[in-house]
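Undergrad: So you can see what is in the structure, the chains are spelled out below.
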Amino acid sequence: MFELAIHASDVTVFGSQTLVTATPLALAAFGGVMCERSGVTNIALEGIMLTGAFVGYAVAFASHNLWLGVAAAIMAGVLIASIHAILSISFLVDQIVSGTVINILAVGITGVFYRTFLETQQVQGPGTLPVWSIPVLSQIPIAGPILFQNAFVTYAMLVLIGVVHFTVFHTTWGLRTRACGEHPRAAETAGINVHFVRYLNVLASGALAGLGGAYFSLQQIGEFLPGMTGGRGFIGLAAMIFGRWTPGGAFLASLLFTASDQVASRATAAGIHIPPQFLGMLPYLLTIVVVAGAVGRSIAPAAVGKPYRKA
Amino acid sequence: MTAALELRGIVKTFGELRANDGVDLAVEWGRVHALLGENGAGKSTLMNVVYGLTTPDSGEIVFDGRPVVIHGPQDAIRLGIGMVHQHFMLIPPLTVAENIILGQEITSPPGVIDLETAGRQVSELSQRYGLEVPPRARIESLSVGVQQRVEILKALYRGARLLILDEPTAVLTPQEIKGLFEIIRNLVAEGNAVIFITHKLGEVMEVADAITVMRRGKVVDHTTPQQSTPADLARMMVGRPVLLRVEKKPAHPGDVRLEVKGLVVHDDRKQVAVDGVDLDVRSGEIVGIAGVEGNGQNELVEAISGLRPAVSGQVLIGGRDVTRRSAKSRLHSGLSVIPPDRHRQGVILELPIADNLVLEDFDQPPFARWILRNLRAVFDYAAALIKQFDIRAAGPAEPTGSLSGGNQQKVVVARELGTNPEVLVAAQPTRGVDVGSIEFIHRQIVDQRDKGLAVLLVSSELDEVLSLSDRVAVVYRGRVVAILEGEEIDRDRIGLLMAGGAAA
Ligand SMILES: Nc1ncnc2c1ncn2[C@@H]1O[C@H](COP(=O)(O)OP(=O)(O)O)[C@@H](O)[C@H]1O
Ligand SMILES: [Mg+2]
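Residue numbers (our numbering), protein chains in the order written: chain Y, 10 to 320; chain B, 99 to 602.
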């Protein structure tokens, strides 16, 4: 009986950490889904998250209000994403180039501001977002604490699985978005403003990734560190591909990736040494397998990555 | 009675090119108005102006008696103008109903798509106009004929009263064309107007009430089918009398040069595209492949060229089995190929004509020694071919992309025939080419046949297959369903076979 109890709480900790660490991956992946479904590749998600993490922290620090920080992270994501939108949609800049520019810019700017303003501060930081236990539901054995004892960004991510899915597959906006990502000229002949649809989706991806950024600085550790997103934006993109451009799939893929991290750290603790580089490779390896078509046909939107020029 | 559409002095230029050069056009309600012209005459450009896809440099548009400015397709749709494009504007992974309602979605509550109701409305609309479509099927699973019906429904759903059909018959079987004409007649009987774009004379004579002929961006004449003969129309289109038939002597076939045995080939989606084809082509004959596009012709051509692996079966050139050989080694064993899509496979537009003419042996003597190219030999050879094949260009160094479509195609033909091959596979050899160049290319192919070349001709233009071929193989769903010869080569019979009808 005693043994079983330990076992159950182990599962809960494992599940809970898997879900919590999957939060930013999934949010970046949802951003990728919106963006790519409309036909714009967004490798800038990494840079957008990092900017969100920084601005969110800076605003929370200055205002002593974590919620203002979260809102600022989202706004910062939208703002940075608008650079990507302007460059790649209006000025027809190659989307990979534009995304790379933003990634480099984000590392540079957040690094500089961090060293200038934050590194030397002795004052107490804003702390972390509170964990909310949902009454009754959080008492369910095993699943309860995993799903219903979380902080804001994780709850938001869980709700957004459904919201993004519904938007993409059941609304007018979603239909138009998919049309623009598959065959923009056909969308235009149907009377749709392709550039407008793409703009809004890129901005939405910025909001989602910005919120993902808030996870790092305001939910996980309550502090900003340079480069703290550590490539999670790219893994989010891998999750989007692995999840076949659907929010549900991307969420499950994110869980798979973070679960493997948990396995690795537990294995290490138990004395079995798996080189961390191996598990770090896993998301990319799995993605290559998917993209190579080993798991059925890859279904990237047909026009993704191609700037659309009106005739 | 007010005209449905009146265009006055429409000008549209692309750089130096005047694609529309002061075009006037008047289309009446209740009429089928044919817009006839060669490839490149400016027909699609003019209709893109009407549909708001391009902005004209100058000119006026009057719709139903009112002057209008059309900024984009939304404006055109609002006025009641619908357009079915030459290349369909459908989104392959979406369903029929989704494609039809796109942009004017049926929602409940607002913003949320109501596919239930949408499907019902699509069914009602399709019954009303006799255009049967499956509302829940994905576009990518439908044949082109059905896709075209979806396009027409899409326009009608948006309340189109003026329907523009840009080369609607290019992808249809003769039977499907008859069906389309019936739909067109029903639409105009209800008082709508239809603009029917084509370069096929027979269709104009059959379906049009009024005809406008365009050439090089200008309207050259207005007429009616009663007032003109096909020969008149051809002359107006081209600007000089044209031979509507290719003159050729009876064939004298020799030994088998190209042999295909039990060939099975997959398409990109790993579906069987060529399903056990047996064919042989003899020296001195032209064997034509007739079939609706997408019945395995492209895969067959690629398998013979060595660009696509054979799943089973054999390809023999001059008696040698080349099934496992590379494309390059096949070219060197006497095969020449005119690929179906010249921009994707035929020429490199950025390169000079000379380089395109030696694309297949630029690394062989006399064009190269060891790792060095011999440009003098290349240019001399190119100059000779340019003369022989009447390629209208400033010189061998001119970039191929600056030539007209017809002259680009002549570059491909010159390269492929210039090596004196034993076997020529000519896929869509005159697609998107002006009438003058068509005549020239046909003449070259027939002349080479007379000198002993074995020709496999693949074309979606039935007229081309009928006028050039000594024998005709009809393909349907990847199989050769009949091989016809001499008197058996009959338009209606082939049309029936192309549509999957049993051999008569
Ligand atoms: N977007 C474009 N840019 C440059 N040239 C174009 C463009 N669209 C059409 N053209 C050129 O304009 C001419 C008329 O083309 P088009 O209207 O498509 O002819 P048609 O439909 O009669 O075959 C052609 O020479 C074509 O190459
Ligand atoms: Mg055209």
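One or more of the hints may lead you astray.
[What the hints assert, rightly or not] Which residues of chain Y face chain B? A few of them, derived with a C-beta cut under 10 Å, are:
id, residue
1, 156
2, 157
3, 160
4, 174
5, 175
6, 180
7, 183
8, 191
These aren't lab readings, by the way, just hints derived from the structure by calculation. Even glycine gets a Cβ: it sits at the ideal position worked out from N, Cα and C.
Undergrad: Against chain B, run the beta carbon of residue 156/Y and see if the smallest gap drops under 10 Å.
TA: violated, 27 Å
Undergrad: Please check whether residue 183/Y passes as an interface residue: C-beta within 10 Å of a C-beta belonging to chain B.
TA: holds, 8 Å
Undergrad: Does the closest beta carbon of chain B sit nearer than 10 Å to the beta carbon of residue 191/Y?
TA: Interface hint status for residue 191/Y: holds (5 Å vs cutoff 10 Å).
Undergrad: So, as I understand it, the hint says residue 180/Y touches chain B; can you test that by seeing if any CB pair is closer than 10 Å?
TA: Cβ of residue 180/Y sits 5 Å from chain B, so the hint holds.
Undergrad: If you take the shortest Cβ to Cβ gap from residue 157/Y to chain B, is it below 10 Å?
TA: It is violated, given that the least Cβ distance between residue 157/Y and chain B is near 28 Å, above 10 Å.
Undergrad: For the restraint on residue 175/Y, tell me whether the closest CB of chain B is nearer than 10 Å.
TA: Hint on residue 175/Y: holds, closest Cβ of chain B at ~8 Å, below 10 Å.
Undergrad: Are residue 174/Y and chain B close enough, Cβ to Cβ, to be under 10 Å, as the hint says?
TA: Since the shortest Cβ distance to chain B is 13 Å, the answer is violated.
Undergrad: Regarding the hint that residue 160/Y lies at the interface with chain B, is the smallest CB-CB distance below 10 Å?
TA: Where the cut-off is 10 Å and the nearest Cβ of chain B is about 31 Å from residue 160/Y, the hint is violated.
When each numbered hint is compared with the structure, violations occur for hints 1, 2, 3, 4.
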